[in-house]
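Novice: In case you want the letters, here they are:
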Amino acid sequence: MGKHVVVIGAGVAGMEAAGRLSRNGLEVTLLEKESVAGGHINDWFRLFPDRRDSNEVREYLINLSSDPKIQLKTGASVDKLTRHGSSYLLTTDAGENINADAVVVATGFSLFRSSRKEEYGYGIYENVISSADLEKLFISGEIVISSGKAPQRIGIVHCVGSRDEKVGNLYCSKLCCVTAVKQAIEIKEHLPDSEVFCFYMDMRMGGALYEELYREAQEKWGVNFIRGKVSEASETIDGKIVVKVEDTLAGRPLKMDIDMLVLMAGMEMSEGGSKLAATSGLKTGENRFFASADHHFGSNISNLEGVFFAGTCIAPMNVTETISHARAAVTEVMEYFSNNNR
Amino acid sequence: MKNEGKKAVWSEYQKEIADDKFFYVRSCIRQNFFPGSEVAFLRILKEVLGKDVYEHPCHTTCSGIGYHGDIVPFETAMTVVARQFALMTEAGYENYVPSCITSFGLYTEILDTWHHFPEVEKKIRKNLKEATGREFEAPKNLAHASDVIFKFRKEIAAKAKYKLINKNTGEPLRVVDHIGCHYAKMFPSKGVGGAEYPYVLAGMIEEWGGQVIDYPERRHCCGFGFRQYLVQANRGFSVACSKEKFESMQPFKPDMIITNCPGCPMFLDRWQYVINEIEGKQYGQNGEGIPVFTYEEVAGLVLGFDPWDLGLQMHQTDCEPVLDKIGIEYSPEDKYKLNSLNHSQPKHLVVNV
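These protein sequence lines map, in sequence, to chains A and B.
First residue of the first sequence: 89, per the numbering used here; consecutive thereafter.
First residue of the second sequence: 26, per the numbering used here; consecutive thereafter.
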C-alpha cells in the first residue's frame, strides 16, 4: 500500500501493533522515549497467571517487530502532533519531523508514584518497596531487606494509588490484586519459611485463571489475606515496619511488625501520553487516560481521524488484553486506509 | 530512614507565613496549663524580633473545643469566629495568629468552607451583623503561632545563647516532635511539611542543634482527643494513648519532647506522672521522665530566658535533666518563686479524679 504509520511507544502494544502493521505491508516508524524497546515488561520477572518468564514475551515482541519495514527510533518522544491535509506531522523532542498517513498511540501507562501515598513511607522507610522494586529483586534472585538479611514477614498492600479519591484515582487498576497474588507466591517460592500477608480492600480476580491462582496462594502457599486497608506504616528502631490496619472481617484494628512492606502501585496515564494529549488535541477521560470514541465499538478510535489507540494508554489492561487491543488497532488502521481508498 | 525522602515531602508542603503585624489570639486553656508559653511567644516576637503583635481584650473562645466535642453546632462556631475576625478587622490587622492548634484547625476549616460555599459565609455575615452589628474581613494570612516561630527559626538561632546539644558529649539532643492533630491532619496543605511528616517543629529542632526522632507512634494522638479526656469515663483511654506513645518512643532514648498544641504538652507531661504512680514506670533515662516542652519554651530556652520565667516549674515531669544537659544556667531555689512571692515547694500533687 506504501502507507506510512507512526507508532508512538514501543512497549507491548506498540511493538505488537508495529509488527502487525508491517505484516500488512505498511511502513512503520516505531518511536520509543526510552533507550530500548519493551516498556514495563523489561522490568518484570514473571507474568500472571501462568508465571511465564517475561523474557519469552519480550523475545516474541522483538521478533515480531524486527522487520525491515519497521524503523525503531529510541530515545525519541513526541512533542507535537499536527494534522496536515490527510496526513500528520509529528515533531520529536530532538526536533525531527516525521510525516505519517496514520498514527497509533501506544504510550502505555506509568506506575503510580508510591511516595504520593505519604502514609506508607515509600522513599523514607528503608524496607518499604513497590511491586516494581520487588520484581527487580526477583530478577536479581535475592530477596533481602536493607540489612542484607532475608525478610521473614512480608506485607503486601493492595490498591496503592487505585480506587483512592485522595490521590484522584477513582478507578481500579485491575492488575494489582493478581500481581499481589503472583508476587506472594514468588516470595514463598524464594523464602519458604517466610510469612506473607496481603492487605486488600476486595480481591478482584476477574481474569482467566486468576481465581485459581488466588486459591493456590492460600491452599498451597499459605499466604494470609486480610481484608482491610493499611492506614499507615512507620519504622521501628531496628528497621522493621509497623503497619496499622483495620481487619474488617474480624472487625478490629490490627497492628503488626513486618520486615518488608510491598506497595502494589496502580496504573496511571503515562507522562508521555499526558504530554501528547496536551499538545495534540487528543481527548482524555475522567481517569486521565485517553478517551476512546466509543467504549464498546470504538475503543481504538480517537477523536482525531487517522489517530488510533492501542493498549494501556486508554485504561489498565493485562498483557493478553494489550496484545489483543493492539491487533484491533491494526484492524482499524487497515480499515481506515481501505475506506478512504488511500 | 531516608531523610531525603522526607525532604521531598516537605518541599511539597510550603506555606505562606506573614512576616509582621500579627493579630494574636490566645488559647482558652494554655494559660492554665503552661502560662509562660504565650508570654514567651509575645516576648520573642516583640522584644527579640521586633515585630508588631496585637492582642484584643475582647477576644473570646473560638468554641473549637465545644465544636470538636460535639456540643457546639458548626454555624454557631462560625459566627463566634466571625466575631474574632471582626475584632481583627477593627484593629486594622490582617494576619491572624492563633495560639491554639484546635483554633487553627477550626479557622482553617471555616475559611475552607466559606471558600467552597460562599452562601454559608454570607449567612454567617448576616448572623454576626444581626447579633453584634459587626462586620469583618477574612484574614489575608492565617498561621499558627508555631508556624511563625518556624518562620523565624533561623533568626532565633542567630541570637541563641544555647543549642539543643548535650554539653558533656557534644551530641545533639534527641528530640521527639509531637504535632497537634488539628494542625495538619484535616488540611495537610495548611501545615508546614504536611500531615504525615510535619516539618514545623522538626525545622526548629534541626535549626537549634537537636536531632529529630521518628518513632512508630509519632502520628498517634497524645491522649487529649476531646472525647477521650472530657468524657470522664474515657480517661483511661486517654492515658492508654499517651502510654502507647511513650512505649514506642522509649527505645530511641529521647532527651525531650516538643509540642505545638495546648493539650499535648499537658497530657504527655501529666500522664507520665500518672503512669509512674500506677505502674512505677519512667520512660526517660536514669529513672527520670522525659521532659515535655512547648515550642515557645524551647525557643525561650535557646534564647537564654530564665527557665522559671518560662514557667517550667509548672511541669509535672521535671525539666531540669534537659537544662543540665544543655548547660542552661538556672537557680534551683528560685523554682517556685512567682511574682516575688516565695512559694514553698508543693508537698502534694493533687490529681483530680
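Because the hints were derived from the structure by calculation, they are not lab data.
Every residue, glycine too, gets a C-beta built ideally from N, C-alpha and C.
Among these hints, one or two may not hold up.
[Stated by the list, open to error] Keeping only pairs whose Cα atoms sit at most 30 Å apart, straight-line, the calculated BS3-like set for lysine-lysine is:
#	chain 1	residue 1	chain 2	residue 2
1	A	237	B	32
2	B	278	A	343
3	B	27	A	237
4	B	184	B	350
5	B	268	A	343
6	B	76	B	40
7	B	278	A	254
8	B	27	A	224
9	A	363	B	32
[What the hints assert, rightly or not] Here are the computed distance ranges between Cβ atoms for each label pair:
#	chain 1	residue 1	chain 2	residue 2	range
10	B	312	A	324	52 to 62 Å
11	B	259	A	381	52 to 62 Å
12	A	293	B	343	51 to 61 Å
13	B	29	A	324	17 to 27 Å
14	B	46	A	371	25 to 35 Å
15	B	96	A	297	53 to 63 Å
16	B	96	A	207	26 to 36 Å
17	A	227	B	301	13 to 23 Å
Novice: Indicate, hint by hint, whether the structure satisfies it.
Specialist: Against the structure, the hints:
Of the pairs offered as hints, the one joining residue 237(A) and residue 32(B) holds, with about 28 Å between alpha carbons and a cut-off of 30 Å not exceeded. In summary, the hint linking residue 278(B) to residue 343(A) is supported, as the alpha carbons are separated by about 23 Å, within the 30 Å threshold. Our distance criterion of 30 Å between C-alpha atoms is met by residue 27(B) and residue 237(A), whose separation comes to about 19 Å. Annotation: proposed proximity of residue 184(B) to residue 350(B) holds, straight-line Cα distance about 20 Å (limit 30 Å).
At most 30 Å may separate the alpha-carbon atoms for a hinted pair to count; residue 268(B) and residue 343(A) meet this at roughly 16 Å. Only pairs whose Cα atoms come within 30 Å are accepted, and residue 76(B) paired with residue 40(B) is accepted, the gap being roughly 20 Å. At roughly 35 Å between alpha-carbon atoms, residue 278(B) and residue 254(A) are farther apart than 30 Å, so this suggested pair is violated. Of the supplied pair hints, the one linking residue 27(B) and residue 224(A) holds, its CA atoms being roughly 20 Å apart against a limit of 30 Å.
Simply put, residue 363(A) and residue 32(B) have alpha-carbon atoms about 27 Å apart, close enough for the 30 Å limit, and the pair holds. The beta-carbon spacing between residue 312(B) and residue 324(A), approximately 24 Å, falls outside the hinted interval of 52 to 62 Å. About 58 Å separates the C-beta atoms of residue 259(B) and residue 381(A), a value consistent with the hinted range of 52 to 62 Å. Distance hint check for residue 293(A) and residue 343(B): the Cβ-Cβ separation is about 59 Å, which falls inside the suggested range of 51 to 61 Å.
For residue 29(B) and residue 324(A), the Cβ-Cβ distance of about 20 Å falls inside the hinted range of 17 to 27 Å, so the restraint holds. One distance hint, 25 to 35 Å for the beta-carbon pair residue 46(B) and residue 371(A), is violated here, with the actual separation near 49 Å. Our hint of 53 to 63 Å for residue 96(B) and residue 297(A) holds, since their Cβ atoms are close to 57 Å apart. With their beta carbons about 31 Å apart, residue 96(B) and residue 207(A) fall inside the hinted range of 26 to 36 Å.
Checked against the hint of 13 to 23 Å, the pair residue 227(A) and residue 301(B) fails, with Cβ atoms roughly 53 Å apart.
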